Amino acid sequence: QQQVKQSPQSLIVQKGGISIINCAYENTAFDYFPWYQQFPGKGPALLIAIRPDVSEKKEGRFTISFNKSAKQFSLHIMDSQPGDSATYFCAANQAGTALIFGKGTTLSVSS
Amino acid sequence: GAVVSQHPSRVICKSGTSVKIECRSLDFQATTMFWYRQFPKQSLMLMATSNEGSKATYEQGVEKDKFLINHASLTLSTLTVTSAHPEDSSFYICSATTGQPYEQYFGPGTRLTVT
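Residue numbers (my numbering), protein chains in the order written: chain A, -2 to 108; chain B, 6 to 120.
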């Protein structure tokens, strides 16, 4: 499988702060880059996704930044809340194929 | 949005027995379903790709005779873990595509514990 490298492995942020998670990919054929949120014992839930024709996408407190030339994309969570404490996975794929996931980032937001 | 269900949510079985996990798309027809396995504190690893009416495609290192996948209809795919062993204990998650190229929805997962 083509790799998607994710960092950091864990992250602690104060309430109200900005959480930033980064991912890098290898396969230039990938054309879909979603972020998933997963709580313990639950399946992953789609947070936000981006296609390579745009460099940034914002939905509420969540923003994806995409750098096609560097083959990197990142998730920014603004005004982080304790309820955002979860594991976040970046992923990538080509249309119709299985998603390739990063290793995940465990986010803890302290109140 | 599209809903994917899995049954059972948790199952405990004895070593050497087989267990079947169902994945259903509740409000759409899924041309393709994917099966993932997730060990504690690890990422989702793709096991196989399942297309309705055809044989599943397994990822390298996944034993097709041990993990039997059947995609008999456009709304149901099953994963049967045969002769389960404790090392098969894991969280199994399916996802389904709607036919739109980038829409993929995940089920809630099934926790398998083999004793």
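These are calculated hints, taken from the structure and not from any lab test.
Don't take each hint at face value.
[Said to hold, decoys possible] With the C-beta cut set under 8 angstroms, the calculated list includes, among others, these residues of chain A facing chain B:
no.: 1; residue: TYR29
no.: 2; residue: GLY40
no.: 3; residue: LYS55
no.: 4; residue: GLY57
no.: 5; residue: PHE59
no.: 6; residue: PHE63
no.: 7; residue: ALA92
no.: 8; residue: GLY93
no.: 9; residue: ALA95
no.: 10; residue: LEU96
no.: 11; residue: GLY99
no.: 12; residue: LYS100
no.: 13; residue: GLY101
Treat the numbers as computed from the prediction; the structure is a model and nothing was measured.
Think of the CB as a built atom: it goes at the ideal place given N, C-alpha and C, for glycine as much as any other residue.
Here is what the structure says about each hint:
no., hint, result
1, TYR29, "holds (5 angstroms)"
2, GLY40, "holds (4 angstroms)"
3, LYS55, "violated (18 angstroms)"
4, GLY57, "violated (16 angstroms)"
5, PHE59, "violated (17 angstroms)"
6, PHE63, "violated (15 angstroms)"
7, ALA92, "holds (3 angstroms)"
8, GLY93, "holds (5 angstroms)"
9, ALA95, "holds (5 angstroms)"
10, LEU96, "holds (6 angstroms)"
11, GLY99, "holds (7 angstroms)"
12, LYS100, "holds (5 angstroms)"
13, GLY101, "holds (5 angstroms)"
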